[in-house]
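Enquirer: Taken in order, these protein sequences are the chains called A and B.
Under my numbering, the first residue of the first sequence carries the number 34, and numbering increases by one thereafter.
Under my numbering, the first residue of the second sequence carries the number 13, and numbering increases by one thereafter.
To be clear, the hints were calculated from the coordinates, so they are not data collected in a lab.
Hints may be right or wrong, so weigh each one.
Unchecked claim - Below, in silico cross-link-like pairs of lysine-lysine (DSS-like), each with a Cα-Cα straight-line distance of 30 Å or less:
1. B:K115 to A:K90
2. B:K52 to A:K47
3. A:K116 to A:K42
4. B:K69 to B:K52
5. B:K69 to B:K79
6. A:K104 to B:K53
7. B:K53 to A:K90
8. A:K116 to A:K90
As the list claims (entries may be wrong) - Reference listing, derived: stretches of chain A covered by chain B, where coverage requires no fewer than 3 residues with Cβ under 8 Å from a Cβ of chain B:
9. 73-82
10. 133-145
Stated by the list, open to error - Beyond 12 Å from chain B on every Cβ pair, some chain A residues (computed):
11. K47
12. E48
13. G96
14. E102
15. K104
16. T110
Just so it is clear, CB atoms sit at the ideal spot from N, CA and C, and this is done for glycine as well.
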Amino acid sequence: DGGITQSPKYLFRKEGQNVTLSCEQNLNHDAMYWYRQDPGQGLRLIYYSQIVNDFQKGDIAEGYSVSREKKESFPLTVTSAQKNPTAFYLCASTPGGSSYNEQFFGPGTRLTVL
Amino acid sequence: EDKVVQSPLSLVVHEGDTVTLNCSYEVTNFRSLLWYKQEKKAPTFLFMLTSSGIEKKSGRLSSILDKKELFSILNITATQTGDSAVYLCAVELNSGYALNFGKGTSLLVTP
Numbered sequence: 034d035g036g037i038t039q040s041p042k043y044l045f046r047k048e049g050q051n052v053t054l055s056c057e058q059n060l061n062h063d064a065m066y067w068y069r070q071d072p073g074q075g076l077r078l079i080y081y082s083q084i085v086n087d088f089q090k091g092d093i094a095e096g097y098s099v100s101r102e103k104k105e106s107f108p109l110t111v112t113s114a115q116k117n118p119t120a121f122y123l124c125a126s127t128p129g130g131s132s133y134n135e136q137f138f139g140p141g142t143r144l145t146v147l
Numbered sequence: 013e014d015k016v017v018q019s020p021l022s023l024v025v026h027e028g029d030t031v032t033l034n035c036s037y038e039v040t041n042f043r044s045l046l047w048y049k050q051e052k053k054a055p056t057f058l059f060m061l062t063s064s065g066i067e068k069k070s071g072r073l074s075s076i077l078d079k080k081e082l083f084s085i086l087n088i089t090a091t092q093t094g095d096s097a098v099y100l101c102a103v104e105l106n107s108g109y110a111l112n113f114g115k116g117t118s119l120l121v122t123p
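So here's chain A without its partners, still in its complex pose (with noise of 0.2 Å):
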């Protein structure tokens, strides 16, 4: 089944401790996004990524670091230097270019810094 998967589903750290989630997705999309949801609120863009090998910073970015080595593939590691990490993180993909394609999201991992 292609799709977007995310893990784990549930993280615990203590704070200090990077951290990284991973995000993979089998349905060739070549651009990935990362967003931040806390309780109460809509989905803060942290990260994307329109192609292999380049991504840009987006509302949300300090804290956090990302790479995009391979196609499938858009870890986001989550660094001692963000203040509140404690949130729904959220991954999608979409096809890019100039047609009009909605964002598919994978099932989200849960982060809890205590």
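Chain B: place on chain A using the hints.
Expert: Below, chain B alone, put in the same frame as chain A:
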């Protein structure tokens, strides 16, 4: 600054009621408006609207866009408890940057 505002933020209705959710936007370079349904996990796609005045329908759900007045509505008729969710509105810009999301409307349908 680009803005997407949804109203109401929360809503409680009885099964069988009809609800209207609102989404207004102020963005530069509008490309499309999307509605998603989120039930404690990943948002699932409902509609994409690109042209004014053309209603999109899927079962009991429908949506329409007004590009002159810069808003969209999502209607749900004969609501069911399974419609309980957060409904997210998002706007895509011409730049293909990403989606700008509103805060969502939390809908609770009671039996």
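Enquirer: So, for every hint listed, does it hold in this structure?
Expert: Now the hints, each set against the structure:
1. B:K115 to A:K90: 21 Å, holds
2. B:K52 to A:K47: 24 Å, holds
3. A:K116 to A:K42: Roughly 22 Å separates the two Cα atoms, so the pair holds.
4. B:K69 to B:K52: 24 Å, holds
5. B:K69 to B:K79: 18 Å, holds
6. A:K104 to B:K53: Distance of about 24 Å is within 30 Å: holds.
7. B:K53 to A:K90: 24 Å, holds
8. A:K116 to A:K90: 17 Å, holds
9. 73-82: Coverage by chain B holds for the stretch 73-82 of chain A (7 residues, Cβ < 8 Å).
10. 133-145: holds (count 8)
11. K47: 26 Å, holds
12. E48: 26 Å, holds
13. G96: 18 Å, holds
14. E102: Holds, since 21 Å exceeds 12 Å.
15. K104: 17 Å, holds
16. T110: The assertion about T110 (chain A) holds, with a minimum of 19 Å to chain B.
Violated hints for the displayed structure: none, as all numbered hints are satisfied.
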